[in-house]
Structure formats: C-alpha cells, structure tokens
Amino acid sequence: MKLNRRLFIGTGAAAAATLSAPMVLADGHAKPRVVVIGGGAGGATAARYIAKDSEGAIDVTLIEPSRTYFTCFFSNLYLGGFKEIDDLGHTYGALAAKHGINVVHDWAIDVDRDAKTVSLAGGDTLPYDKLVLSPGIDFVDGSVEGWSLAAQNAMPHAYKGGSQTELLRAQIEAMPEGGVFAMVAPPNPYRCPPGPYERISMVAHQLKAKNPTAKILVADPKPKFSKQSLFEEGWAKHYSGMVDVIGEDFGGGSVSVDPVAMTITIDGEETAVAACNVIPAMKAGRIAEMAGVTDGNWAPVNAVDMSSKADPDVYVLGDASQQGDMPKSGYSANSQAKVCANAVRGALTGSRVFPAKFSNTCWSLIDTNDGVKVGATYEATDEKIAKVDGFISQTGENADLRQATYEESEGWYAGITADMFS
Amino acid sequence: MIVRGISVIVGLAAVLSGPPVGAAPIGDPAAGEQIFSQCKSCHQVGQGATDRVGPHLNGIFGRAAGAHKGYNYSEGLHRAGADGLIWTAETLDVYLENPRSLVSRTRMNFRGLKDAKDRADVLAFLRIYSDNPSDLPEAEPTARGTDHDIDAEILAIQGDPEYGEYLSSECLTCHQRDGSAEGIPSITQWPEEDFVVAMHAYKSKVRPHPVMQMMAGRLNNEEIAALAAYFRTLE
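Read top to bottom, the protein sequences are chains A and B.
First residue of the first sequence: -16, per the working numbering; consecutive thereafter.
First residue of the second sequence: 18, per the working numbering; consecutive thereafter.
Since the hints were derived computationally from the structure, they do not count as laboratory data.
Small disclaimer: the values here were computed from a predicted structure and weren't measured.
Mixed in with the good hints there might be a few duds.
[Claimed, not checked] Dumping the calculated DSS-like pairs for lysine-lysine here, alpha-carbon to alpha-carbon at most 25 angstroms: (1) 220/B with 370/A; (2) 292/A with 367/A; (3) 222/B with 370/A; (4) 220/B with 86/B; (5) 205/A with 143/A; (6) 66/A with 220/A.
[Unchecked claim] Non-contacting residues of chain B with respect to chain A, defined by C-beta distances greater than 12 angstroms in every case (computed): (7) 52; (8) 55; (9) 67; (10) 69; (11) 73; (12) 91; (13) 107; (14) 114; (15) 166; (16) 184; (17) 191; (18) 198; (19) 210; (20) 211.
[What the hints assert, rightly or not] Partial selection, computed: residues in chain B whose CB lies under 10 angstroms from chain A: (21) 48; (22) 231; (23) 232.
Virtual Cβ for every residue (Gly too), placed ideally from N, Cα, C.
Let the sequences and hints guide you as you build the complete structure.
This is the structure in structure tokens:
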C-alpha cells in the first residue's frame, strides 16, 4: 500500500492531519525500519527525532564511519585559535543509549532501491522501509587545475571537519615570517556560503598575532560572496593591508596550483605560497550518486518532506540535496531533518504530519567578539523550498551588539549539537 | 528648555508653565507624578536620586536597556540592551504596559499600567529628568496612546502541545531543551502568558532581535499558543 505522502495541510487544519490508521507493512515484519546514512547535522538529527518521537515504534539505524564526529561548522574558529579540536568532537553514545538507535560505524557503499537495501563496506546488507541520505559533500574532480584528493596533504581543503582542519592549522602555524597563505575559493553552490570568508578572517587573526607581515591571497571565481560588505568592513578594520581577494573580474576564476612546487597561478601570475587551502567545487556525497538519486551534482528533492524526486522512499537532507533557496549549512540540514522526520514518522506509524517550516541562520566570526549573522525562513512550495523572510547584520554595528552576536553563535553551537547528539 | 539636575518642584514648574515651543505635550506630568508614587518603592527620580531596588530613572530617555552603570541588572535586561533595546517614548510605553513583553524574566515585578493615559502621564513626568533631544517624545507622536497589550482572546487560546512539540523543533536548534542557557536564553517552563506576550512583542517588532522577529513573524496565534503550551511542560 502507499500512503499519500504529499499530504500538505494548512496551519489551521493541523489538528485534522492525523492519518486514519498506522501503515500495515507489506512484507509483514514487526516494526518499520529506517536507515539513515550520514551522522552529521542532517542525519544525526533525523535519526534522533525519528527514534525519539516514535518512542520505539520504528527501528532506526544510523550509518556513520566516524566514531567521533568533528563538526565542520565552527572549524574556522579552531583555525583562529578560538576553539580546540576537542571542542568540535561529538560521539554517538547518547543516540544509542537514550534513543535506542542502532549506530553502525561503517561505510555505506551501495544502495539497491529495488530491493530496498543498503550495503556496508563491512559486508552487511541492511533492509529499509525508508532511507534517509545525508552524506554531505564530496569534491568535483578536476575543478581546480593541478589539485586532486591525492594532493590534500600538501594543499588541504579542510572543508570536512577533523584531520584536514588540524592539518591546515598546523600549516598556518608553520608559515615562515612574511609568507603567503593562499586560498582557492569554491564556485556556487557550496557548503557554508560565508565559510571561506570567515576562514580568511580567522587565518588573518592568527597571522596578525604571530606573523604580522604575512599576506593572504584569495582566488575567487565568483563575482560576489556572502556577507561581503560585512567581511570587507571587518578586514579593513582589523587586518588592514593583509587580505587580497582576486575576484572574478580580475581573473580569480582562472587559477591553477602546483602542490609540489607550492605555487598558485592566478590569471597567469605565479606566486610562491607557504600554505594553500584549496576548496574545490562540490557535489553531493558519493553515496547519493550511487543510490541513483542525483541529477548532475546534487539530489533533487520535494520541498514538502525532503523526499527524493527519484524515489518516494528515499529522502535526501542537507548539503547533498537540491532543494531551492536554502543555503547548504549545518543549520539548514538540521531544519530539513525535522521536516523529514515528521513526514517519515507519519508515513510509517500514522502520526500527525504538520506543515513544513524551514529556517537557517549562519553566524560568522570576523575577529575577537566581532560576530555577524545572516538568516532566513523558508516554506515548501510545489517547485522548491522558497524564502519567506530574512535579515542580515549591518555594517557599523556597535561592539556590544557584535559581541552579543558572537555569544549567540556559541549558544547556537551548544544548542544544535545537543539537538543532534544528546 | 529643561536643565538636568533641577529639583522635582522646579522641574515640574518648568513643564507646567508650558511645553517647549513647537512640541505637543505627551501627557500631564503632575498627574504622572501622582501615578509614579506606586513606582517609588523601587525607583527614584530627580535630584539626588540613587539606585534602590530598581535603578534611578534620571536620563532614562535615550539610554540603552541595562546600560546605567553601577546598577546590577537582570540578565534579561543586559540581553535586551545588547539586542538593541533603547528606552524611547514608544518602548517605555510598551514596557510600562507589561514589562515582560520586552524583557522576559525582568526583575521588575510590576503588572503594568493598562491605561494609555496613565502611561503617557508617567512618561511626561519622567521625561522632565531626561534631556536627550533626539529621543524627546515630541518626535514620536505616533507612539502615544497606543495599546500594545495582547487581546484577551489571544491569551485565552488553548495551545495544542503536540503541534507545539513539532514546532518546537525549530526553536531547539538554538534554545536547549534541558534549559541550559549559553549565549541564548532558556525558554523552558515559562508561564504560558509570558511566552505568548514575548512572542507577540517580537512578531510586532517592538522587541528587538532579528532572528526572533523573523521566527515569531511567521507564527500565527494558534502556533504561538501551541509552543507556549509545549515549552511550559518541558522538565
């Protein structure tokens, strides 16, 4: 049988949304089974909410290779010396102990959507009734000339949390006096739109204290970037003369690197670099492609419940999804996961399904106690997740407000990680 | 022209003799002084005023909330000030009507002046002891005599806690379910009315904070009631 998963109700009619009866599973197994691939902001949140709110009525398995998950959000603050790496690490014990989630530390290597099974690198095959994919990002091969994953130790991307982030910080700290830190910024769309520019701020903060004659050189293929006026104001105020961004109009998109010689060439001009952060073009985490739910680099989804446009029993969350107006961020993934969890639970147990509401806020730190933010609310339309309303920090804000914004970002970090892992 | 530091009597006389040229009076300061007697157990104003249970109120117009040096404000007032709450005729009017609409968990334990004229009179009285021209009430004629308080029917809505639980998931990205408050306040176990009043103050944008104005802005009355009902019950 098939439930009408497109049930989409007006807010006033929320109380009428209870489905008439729990779903009877076609093959007669005891409990409905949900498999979640990826234990980040989308996957951990979805697994937690489905398990917590169904109170044991759904078997939830979470597949995540890492035993300790290091968040990519706030990793720039580690680069800036505001956080230690342990502050960013989280484990899955509470999801297993408190919510009964079967946490499997393994790689998902294939999805058979006809048989409704997931294959693991360790050899197991897991059946599912509903599959949630939240694999984050992978990189587009060949998007930066001269760079490949094989070069990620010489020129780290540091765009997945953990060892890459630690490596980049070590390289920044080892830079010779007056050396050049280069960054290749990614083309749209990519994870965390303000991320590269917050990173520039945090690297500048470190260099200003320890290596003040060093320079930061950025090749950016885009004509403009997130929170641009706020970052440019902050760089002029705190790091005057240190940051040089070569944008699209000056050839920032024409870039190549040599990870052996440690050089970067922008619009034909070669520069020797002491450290180089290459953030390549991005695509959905590879398992989404293997599951056959991608179209191009990303996985299109229905805005009402985050289900794949290719398969109503597969949901795609977070960075990997192509959903419309929301930026690819941990906050967005967490928000989408709750809409998805509500829909999955409704489909499998007949619990009430409420209308989709989405939101996002991205905080960035420019210097000590100088925080800024941008955010928006979103709704589901037939075509996409569409922006409803938004705000952004203003240039020239007073120091108290900027400090309150930074403190708020720390509160958000505590909040979202509790919402994922507690 | 009003000189700071003059005595209450002289100050009153200055206003009673006629408002500044080109400005309309916002209320009757003499009547306001009478009404202010119920504030006096906590607040002083005028020459020699000092902080007591509450801060003294000289120079209140134009000051940021929680910004008077030397007074030990509640966390809520400090937060309101950092969020950008400035005491103007409009915000003071809202605050006097119901303190908790602008500052949740304020220690100002006062149920509010419900009559708009009473508030205007008190503000006219307090205004004698402030002299920041940019924040003179005369500059804000539209702010006078408006009731901001929430209709009784809205306060009477019985929230649906199950819907509130779903909606709460959006709040819990930042506000922690266990009531921990690190840079972002706790919102659990509030009296439902306080919750509803605060959310409507964000929705109407009289209470500052861009994220909360945006979040509250798209919640309808039933949804706010549902959230209040749910968060009331969280342990």
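Comparing the hints with the structure gives:
Simply put, residue 220/B and residue 370/A have alpha-carbon atoms about 18 angstroms apart, close enough for the 25 angstroms limit, and the pair holds. For a cut-off of 25 angstroms, the pair hint linking residue 292/A to residue 367/A stands: about 11 angstroms separates their Cα positions. The straight-line distance between the Cα atoms of residue 222/B and residue 370/A is roughly 20 angstroms, inside the 25 angstroms bound, and the hint therefore holds. Distance check on the hinted pair: residue 220/B and residue 86/B sit about 31 angstroms apart at the alpha-carbon level, beyond 25 angstroms; violated.
Between the alpha carbons of residue 205/A and residue 143/A the distance comes to roughly 21 angstroms, so the proposed pair stays at or under 25 angstroms and holds. Simply put, residue 66/A and residue 220/A have alpha-carbon atoms about 23 angstroms apart, close enough for the 25 angstroms limit, and the pair holds. For residue 52/B, the requirement that its beta carbon stay farther than 12 angstroms from each beta carbon of chain A is met, with the minimum near 33 angstroms. Distance check on residue 55/B: its Cβ is at least 32 angstroms (rounded) from any Cβ of chain A, clearing the 12 angstroms threshold; non-interface status holds.
The claim that residue 67/B lies off the interface holds: its Cβ sits roughly 25 angstroms from the closest Cβ of chain A, which is beyond the 12 angstroms cut-off. No Cβ of chain A approaches the Cβ of residue 69/B within 12 angstroms, the least distance being about 26 angstroms, so the stated non-interface status holds. Non-interface call for residue 73/B relative to chain A: holds, since the shortest CB-CB distance, roughly 22 angstroms, exceeds 12 angstroms. With a closest Cβ-Cβ approach of about 15 angstroms to chain A, residue 91/B is found to remain outside the 12 angstroms limit, as its non-interface label requires.
Distance check for residue 107/B against chain A: the nearest CB is about 20 angstroms away, which clears 12 angstroms, and the non-interface claim stands. Chain A leaves residue 114/B outside its interface by the beta-carbon criterion, the shortest separation being 25 angstroms against a cut-off of 12 angstroms. Against chain A, the non-interface label of residue 166/B holds: every CB pair exceeds 12 angstroms, the least being about 24 angstroms. With a minimum CB-CB distance of about 7 angstroms to chain A, residue 184/B fails to clear the 12 angstroms threshold, and the non-interface call is violated.
Distance to chain A contradicts residue 191/B as a non-interface residue, since its nearest Cβ pair spans about 4 angstroms, not more than 12 angstroms. Not every CB of chain A is more than 12 angstroms from the CB of residue 198/B (nearest about 7 angstroms), against its label as outside the interface. Every Cβ of chain A is farther than 12 angstroms from the Cβ of residue 210/B; the closest lies at roughly 22 angstroms, confirming the non-interface assignment. Non-interface status of residue 211/B relative to chain A is upheld: no Cβ of that chain comes within 12 angstroms, the nearest being about 20 angstroms off.
Given the 10 angstroms rule on beta carbons, the hint for residue 48/B is violated: about 36 angstroms separates it from the nearest Cβ of chain A. A hinted interface residue such as residue 231/B counts as satisfied when its beta carbon comes closer than 10 angstroms to some beta carbon of chain A; here the least separation is about 5 angstroms, so the hint holds. Here the hint on residue 232/B is kept, as its CB sits about 7 angstroms from the closest CB of chain A, short of 10 angstroms.
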